[in-house]
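**Student:** Starting from the given sequences, assemble the full structure and let the hints guide the process.
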Amino acid sequence: MFKWLPFVPVQGLFVLLLLPNALLLVYLSLLSWRITRGAWWAAPLTWLDSFGVALGDERFLWALARTFAFAAVAVPLELGLGFGLALLCREPFRGRRAYGTIFIVPMMIVPAVVGYDLSMLLIDQGPFNQVLSLLAGRPVTVRWLSDYTAAKLAVIGADVWQWTSLMFLIFLSGLSGLPQDPIRAARVMGASRWQVFRYVELPLLKPIIAIALVLRSMEALKIFDYPMLLTQGGPGNSTETIAIYLWRMGWEFARVSHAAAMSLILLVVVALYTFIAIRVLHRERRRLVEGSV
Amino acid sequence: MSRRHAFAGFRHGVLLVWAAVTLLPIYWMLITSFKHSGEWVTWPPRWVPHEPTLVNYVKVLSSGTSTFELGRQTLTVLTPLWNSLYVASASSLLALLLGGALAYSWARFGTGGSRYPYNILSIRMVPPIVIAVPFVVYYVTLRLLDTYTGLILVYVATSLPYVVWMMLAFIDEVPLELERAARVMGASRFRVLGSIVLPLTASGLVVTFLFVFILNWSELLLAVTLTNTEVSTIPITLNKFQSANEGRDYGPQAAIGTIATLPVVVLGFLIQKHLVKGFSFGMIRK
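Here the protein sequences come in this chain order: A and B.
As numbered in my numbering, the first sequence has no gaps in its residue numbers, which increase by one up to the final residue, 294.
As numbered in my numbering, the second sequence has no gaps in its residue numbers, which increase by one up to the final residue, 345.
To be clear, the hints were calculated from the coordinates, so they are not data collected in a lab.
One or more of the hints may lead you astray.
[Said to hold, decoys possible] Pairwise CB distance ranges, derived in the manner of DEER restraints: (1) Leu56(A) x Leu75(B): 47 to 53 Å; (2) Arg202(B) x Arg97(A): 51 to 57 Å; (3) Leu273(A) x Ala240(B): 44 to 50 Å; (4) Phe168(B) x Gly85(A): 37 to 43 Å.
[To be verified] Calculated lysine-lysine pairs in the DSSO-like style (CA-CA distance at most 30 Å, straight line): (5) Lys299(B) x Lys118(B); (6) Lys336(B) x Lys207(A); (7) Lys299(B) x Lys153(A); (8) Lys4(A) x Lys336(B); (9) Lys332(B) x Lys207(A).
Quick reminder that beta carbons are idealized off the backbone N, C-alpha and C, glycines included.
**Tutor:** Have a look at this one:
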């Protein structure tokens, strides 16, 4: 009884919420339906037409590529910064607690708040350009929200600012939980600090690096709030991520069937990525449990 | 200078830079919320308001609904604040209950097979935008669109994967021998749960609750899709007034941002000690 008591409601929730949606998504993608044109069950079937439209839509393909590109820049930065900061904060020193307290604040702020907060900081004659001018010693006037390249950097910067904090916390957790025996043994045998880190600690940390990478990248691919609040996908389409484009497709342009077809294509791409990510996680955790690390 | 001192200096340098980067946006939001409208956008930007004021807070905390007429915004936040609080607390508690129980039963009885937690995690990987479109159609049919129940159910489902994975790590630390001993001495399964498992995972439950509460408190995409006017949450309110290009009300927006941030950060500080231990996701062998 205890085995199945929690299983039934959880599985029930997933089945009731997700299964009809999956079927509906497939069905909608086979129709030719816009919200503005009557009931969906009365819409004509056009089979794979929407998929043809989707694959021929350059804006869609660019949004998809842009989303992966953003994640490919932001996630390694967040992991690297978080890991570095955690390494610097692992041993006790004066001020460690204060730094730790400050560093974990960003992850507790609503991403929408971060988005619009940065939109205040980044205005053309705003405090951020002022600080840059001070550091550079000459006037800096980057148009962070209306320049094609700078706007991309602003969106990535927002993601890095907010989520480095979670990476820091995960790695600090990992470092503080490391088993001490192998480290001590290596020190006794005369290993240098660097050797201990490279050949003892890093392998022990591999599973936690894996889960941080998987969790962070899967969230980064959903990026929606920052570009929505900072630039509304602009200027032009330069910060339009896949989530923003599909949202517009469905609700602004009311092309629901096309949005459904594009969603399915996105789902296939993400499923591929998920398959690999889960395999990596499974392997790391099995090694951990079996103790072959 | 010795190598030791050089390292300490280097460490403080790096950490100070990142602390400044972290604090700049937070500081700017805080002071903007205390500025009169004349000081919101100036050159050079004003780092300390000449006459600090509470007028922005009074404005956004007054009763009434948010309106946007003739390019002028009136932002009030009491209703969305309540909505967010209700939806985020209810969904996080439910997710914690279900996910915690599931993590325990998987760790002890292998519920759902050895790959079950991975299957659950893969649900979190589905981008919300993918299900947003059919979800609206589905919810209209069920009459769940723009209701508390509708939004809460979705949030339970999307935060469950995190609950399961975080709780697995804490349950791993409960000594199995202790539970076995209690069983041998005749304690019921409920007794074992109540007297051994719950107390030993209490800090884990709090940390997990805080994390999924933040997620649900912050969620924008699904909220903006699945609600209309009845269940408008804080992120929706901010988004709605951000997309208006004219007449931006920086001060009141900063006040809302501060109000939306404060409760979570205070909670975070209170449990900071546990936070630092609670984010290993079962990926460190003790």
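**Student:** State for each hint whether it applies.
**Tutor:** We went through each hint and held it up to the structure:
Separated by about 50 Å at the C-beta atoms, Leu56(A) and Leu75(B) satisfy the suggested range of 47 to 53 Å. Checked against the hint of 51 to 57 Å, the pair Arg202(B) and Arg97(A) passes, with Cβ atoms roughly 54 Å apart. Taken as a hint, the range 44 to 50 Å holds for the pair Leu273(A) and Ala240(B), whose Cβ atoms sit roughly 47 Å apart. Separation of Phe168(B) from Gly85(A) is about 41 Å and conforms to the stated range, judged on CB atoms against 37 to 43 Å.
For the hint pairing Lys299(B) with Lys118(B), the CA-to-CA distance comes to about 17 Å; that is within 30 Å, so the pair holds. For the suggested pair Lys336(B) and Lys207(A), the alpha carbons sit about 18 Å apart, so the restraint of at most 30 Å is met. About 22 Å separates the Cα atoms of Lys299(B) and Lys153(A), which keeps this hinted pair within 30 Å; it holds. Proposed proximity of Lys4(A) and Lys336(B) is supported: the alpha carbons are some 28 Å apart, at most 30 Å.
At most 30 Å may separate the alpha-carbon atoms for a hinted pair to count; Lys332(B) and Lys207(A) meet this at roughly 24 Å.
Every hint, counting from the list given before, is met by this structure.
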